[in-house]
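Trainee: What follows is each chain in one-letter form.
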Amino acid sequence: GQNIDQPTEMTATEGAIVQINCTYQTSGFNGLFWYQQHAGEAPTFLSYNVLDGLEEKGRFSSFLSRSKGYSYLLLKELQMKDSASYLCAVSFNDYKLSFGAGTTVTVRA
Amino acid sequence: DTEVTQTPKHLVMGMTNKKSLKCEQHMGHRAMYWYKQKAKKPPELMFVYSYEKLSINESVPSRFSPECPNSSLLNLHLHALQPEDSALYLCASSTRQAREQYFGPGTRLTVT
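In order, the protein sequence lines correspond to chains G and A. Residue numbering for the first sequence follows my numbering, starting at 25 and increasing by one per position. Residue numbering for the second sequence follows my numbering, starting at 810 and increasing by one per position.
It is worth saying that the hints were derived from the structure and are not from the lab. Any given hint could be a false lead.
[As the list claims (entries may be wrong)] In silico contact screen, one side only, chain G against chain A (beta carbon under 7 Å); selected entries:
no.	residue
1	Gly52
2	Asn54
3	Pro67
4	Ser115
[What the hints assert, rightly or not] DSS-like mimics (lysine-lysine), calculated; alpha carbons at most 27 Å apart, straight line:
no.	chain 1	residue 1	chain 2	residue 2
5	G	Lys92	A	Lys862
6	A	Lys818	G	Lys100
7	A	Lys850	G	Lys120
8	G	Lys100	A	Lys845
9	G	Lys105	A	Lys862
10	G	Lys100	G	Lys81
11	G	Lys120	A	Lys831
12	A	Lys818	G	Lys120
13	G	Lys100	A	Lys862
14	G	Lys100	A	Lys828
15	A	Lys849	G	Lys120
16	A	Lys818	G	Lys92
17	G	Lys92	A	Lys831
18	A	Lys847	G	Lys105
19	G	Lys105	A	Lys818
Owing to the predicted nature of the structure, the values given are computational and were not obtained by experimental measurement. Ideal placement from N, C-alpha and C gives every residue a C-beta, glycine not left out.
Chain G with its partners taken away, still in its complex shape (with noise of 0.2 Å):
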């Protein structure tokens, strides 16, 4: 199955540091991907797990844990063009890429 769960909403201040989890049904797991999408823009590739732990690419970073079927997406030192909508994306055994809902996230000044 491809129940792929993540917060509607966040908001936090410029400067601070947000964490978005994602959680999903651990049968047939492939791959873990997180995109970066602007409103009327198209989703932008951050961040691949397909092993357990934490990635880090700038003020970015991801983590896995493949047992407890969970991830997270680690924005440090928010700028305002952070805003956006952050997709969670899982590929499981049959290769396709099934997506999360989305969470936006709003920088405040």
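Chain G is already provided as a structure; the job is to place chain A on it using the hints.
Mentor: Okay, now just chain A, sitting in the frame of chain G:
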């Protein structure tokens, strides 16, 4: 270079028209995808091509017809669409299925 290009950017068509959306990538990716995205919703997979062969069709109505002329190009032929087909149509590619996908800017389609 992680660029996927799509044309046109915007398309308005009547329900009796025939039009085509085009997608191109020169990253040597062997998997290409069509997605449909409605406002405030995540992308919905329509079709997957792997090594130029259709590998997944997500029960898409026949008024949408995909074509993969070669490893760099992907087309979506549209005919007799309905107003509810109005959406952002996204093309994506990846080195192979189950790896990170890179999206094109999309075609904003309006069916009148």
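Trainee: Now tell me if each hint is right for this structure.
Mentor: Cross-check of the supplied hints:
Given hint, Gly52/G at the interface with chain A, is violated; its Cβ is 11 Å from that chain's nearest Cβ, farther than 7 Å. For Asn54/G, the suggested interface contact is upheld, since its CB lies about 5 Å from the closest CB of chain A, less than 7 Å. Below 7 Å, beta-carbon pairs count as interface contacts, and Pro67/G has one with chain A at about 5 Å; its hint therefore holds. Hint status for Ser115/G relative to chain A: holds, with the closest Cβ pair at about 5 Å, below 7 Å.
For the hint linking Lys92/G to Lys862/A, the alpha-carbon distance of about 35 Å lies beyond 27 Å, and the restraint is violated. Taking the CA atoms of Lys818/A and Lys100/G, the gap is near 33 Å; set against the 27 Å cutoff, the hint is violated. Between Lys850/A and Lys120/G the CA atoms are separated by roughly 17 Å; this keeps the pair inside 27 Å, and the hint holds. A threshold of 27 Å between alpha carbons decides the hint, and for Lys100/G with Lys845/A the separation of about 31 Å lies outside it, so the pair is violated.
A hinted pair counts as satisfied when its Cα atoms are at most 27 Å apart, and Lys105/G with Lys862/A does not qualify at roughly 39 Å. A C-alpha spacing of about 11 Å is found between Lys100/G and Lys81/G, which places the hinted pair at or below 27 Å, so the restraint holds. A distance of roughly 22 Å separates the Cα atoms of Lys120/G and Lys831/A; the hinted pair therefore holds under the 27 Å criterion. For the hint linking Lys818/A to Lys120/G, the alpha-carbon distance of about 26 Å falls within 27 Å, and the restraint holds.
Taking the CA atoms of Lys100/G and Lys862/A, the gap is about 42 Å. The hint is violated against a cut of 27 Å. For the proposed pair Lys100/G and Lys828/A, the alpha carbon gap of about 44 Å is over 27 Å, so the pair is violated. At most 27 Å may separate the alpha-carbon atoms for a hinted pair to count; Lys849/A and Lys120/G meet this at roughly 21 Å. Taken as a hint, the Lys818/A and Lys92/G pair is broken in the structure, with Cα atoms around 41 Å apart against an allowance of 27 Å.
Proposed proximity of Lys92/G and Lys831/A is contradicted: the alpha carbons are some 40 Å apart, above 27 Å. The hinted pair formed by Lys847/A and Lys105/G meets the criterion: a straight-line CA distance of about 23 Å does not exceed 27 Å. For the hint linking Lys105/G to Lys818/A, the alpha-carbon distance of about 23 Å falls within 27 Å, and the restraint holds.
Of the numbered hints listed earlier, those contradicted by the structure are 1, 5, 6, 8, 9, 13, 14, 16 and 17.
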